[in-house]
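Using full-length UniProt numbering, the first residue of the sequence shown is number 1, and each one after it goes up by one.
Be a bit skeptical, because a hint or two may be false.
What follows is a set of in silico ranges between Cβ atoms, one per label pair, in the way DEER data are often shown [said to hold, decoys possible]:
no.	residue 1	residue 2	range
1	166	29	53 to 63 Å
2	177	133	24 to 34 Å
3	189	226	26 to 36 Å
4	124	186	29 to 39 Å
5	284	44	43 to 53 Å
6	176	29	28 to 38 Å
7	147	284	45 to 55 Å
Computed cross-link-like contacts, SDA-like style, restricted to lysine to any residue with a CA-CA straight-line distance of at most 20 Å [stated by the list, open to error]:
no.	residue 1	residue 2
8	189	174
9	189	228
10	189	54
11	189	227
12	189	177
13	189	283
14	189	169
15	189	122
16	189	173
17	44	60
18	189	178
19	44	23
20	189	165
21	189	154
22	189	56
23	189	55
24	44	31
25	189	224
26	189	235
27	189	149
28	44	30
29	189	53
30	44	24
31	189	162
32	189	277
33	44	33
34	44	56
It should be emphasised that the hints constitute simulated quantities derived from the structure, not laboratory data.
Just so you know, even glycine gets a beta-carbon here, dropped at the ideal spot from N, CA and C.
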Amino acid sequence: MNDLLSFLRRPEHTGENRCWPCTVLNTLLVGVITVVCLRRGHRKLALASAFGGVTAIGLRGYVVPGTPRFAPQLAARLPVDVFDHEGSESTRIEFESSESEVRQEEPADGLIEPTGEAVPDGDEIVAALLEAGVVVPDGEEFILDSAFRDHWYDEMRQLGHRDVEELASVAAEVTPSSISTDTYDGWTKSYVVLSPENGEATTLPRPIAIAELAAVRALESELEDQFLRLVSARPIRTFLDQCPLCEGELTTTQAACCGEVTPVGSQPREKLVCPSCNIRLFTFEPAQLE
1 MNDLLSFLRR
11 PEHTGENRCW
21 PCTVLNTLLV
31 GVITVVCLRR
41 GHRKLALASA
51 FGGVTAIGLR
61 GYVVPGTPRF
71 APQLAARLPV
81 DVFDHEGSES
91 TRIEFESSES
101 EVRQEEPADG
111 LIEPTGEAVP
121 DGDEIVAALL
131 EAGVVVPDGE
141 EFILDSAFRD
151 HWYDEMRQLG
161 HRDVEELASV
171 AAEVTPSSIS
181 TDTYDGWTKS
191 YVVLSPENGE
201 ATTLPRPIAI
211 AELAAVRALE
221 SELEDQFLRL
231 VSARPIRTFL
241 DQCPLCEGEL
251 TTTQAACCGE
261 VTPVGSQPRE
271 KLVCPSCNIR
281 LFTFEPAQLE
C-alpha cells in the first residue's frame, strides 16, 4: 500500500508547491463529473468519481493527466490573469487600440528595458555595485552590504502602504522624463506602467514596483548615474529575503505551474516566492544559479 501511495504522490505539485488555481479547476471538474453521474442515476459511479478525484488531487495535485504540461498553454489563451497566482514579474505590453487594450507578453527586465550599445552588461552592473559598496563578496558569492540592505528595506516599508497610483508618481520621480508613467488594473492585481517614447511599455505588479522603486531610491546616495540606478534595480531584487508586502520570509521553489512553459526534458526555473502572499518575486535564469 505504501509503495502504491509513493508511486501516486507527486510532491513537486503538492504541499508548498501546490498550484491552487489548478487544484480548484480540477476539483470543479471532479464536481461536474460527479453531478452528471448523479443526475443520470449512477450513484456508485458518482461516489467513485468523487473519491478517486479528490484522492488524486490530494496526492498528485491534479486529476487530469498531463495538467502540468497543457495548463500553461491553456492559461496563455485566457483573456484574464486568473492563473497568475504567483504574481508574475514585470511584463512588456503593447497598446493596440484607442481603448488601450493590453496584451501581455514575455517578461521584461525590470523598471526599464535596457537597449542600445551604451547599456552596461551584467558584469559592469555588478562591478559598479561592488565599487559603490552596495554588494560585497562573501566567499564565491555576493551579498548586500548590511547598511544598504537596511536602507533598501526602510524604503520598501515606506512604499509598502502606497497604491499603484502613488507608486506611479514615485516612478515618475526616479525615471527620465522620456518615460511616461501610468497604471493598469488587471483581473486580479494592478500594475505600474512605464512607457518610453520609443519601444514597448513595461508593467510592474505592485510588489515588484515596491521592491525596485525602493532599490532605486536607496541607490540615490550610492550611484550618481540615474540610468545605472534603474538597470541595477532588477539585479538587486534577486537579494530579496523578505516579502515587500507582508515582510514574511521568502522561499525558492522549482514548482511548475500555469503560465510557465517548460521544454520537454528541462526542469522548471527556480523562483523566489512569498508563500504567505502566494506571489512570485523573481524567476532565476539557469546562469544565475551557477
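Quiz prompt | Given pair status - residue 228, residue 189, alpha carbons within 20 Å | solution = Not satisfied, since the Cα-Cα distance of roughly 29 Å exceeds 20 Å.
Quiz prompt | CB-CB spacing for residue 29 and residue 176 relative to the 28 to 38 Å hint | solution = violated (49 Å)
Quiz prompt | Proposed proximity, residue 162 with residue 189 (alpha carbon, max 20 Å) | solution = At roughly 14 Å apart (the allowed maximum being 20 Å), residue 162 and residue 189 satisfy the hint.
Quiz item: Does residue 189 pair with residue 53 here, judged by a C-alpha cut-off of 20 Å?
Solution: Violated - the C-alpha atoms of residue 53 and residue 189 are around 31 Å apart, more than 20 Å.
Self-check item: Hint consistency between residue 189 and residue 277 [alpha-carbon to alpha-carbon, up to 20 Å]
Solution: holds (13 Å)
Exercise. Confirm or reject the claim that residue 189 and residue 226 have a C-beta distance inside 26 to 36 Å.
Key: holds (28 Å)
Exercise. For the pair supplied as a hint, residue 189 and residue 149, confirm whether the alpha-carbon distance does not exceed 20 Å.
Key: Since the Cα atoms of residue 189 and residue 149 sit roughly 27 Å apart, the hinted pair is violated (cutoff 20 Å).
Quiz item: Are the Cα positions of residue 189 and residue 227 separated by 20 Å at most?
Solution: violated (28 Å)
Quiz prompt | residue 177 versus residue 133 beta-carbon gap, inside 24 to 34 Å or not | solution = At 29 Å between Cβs, range holds.
Quiz item: Are the Cα positions of residue 44 and residue 30 separated by 20 Å at most?
Solution: holds (14 Å)
Self-check item: Pair hint outcome, residue 189 versus residue 122 [Cα-Cα no greater than 20 Å]
Solution: violated (30 Å)
Quiz item: Is it true that the CA of residue 44 sits at most 20 Å from the CA of residue 60?
Solution: Violated, because 23 Å separates the two Cα atoms, which is more than 20 Å.
In this structure, the earlier hints numbered 1, 6, 7, 8, 9, 10, 11, 12, 15, 16, 17, 18, 19, 21, 22, 23, 25, 26, 27, 29 and 30 are contradicted, and the remaining ones agree with it.
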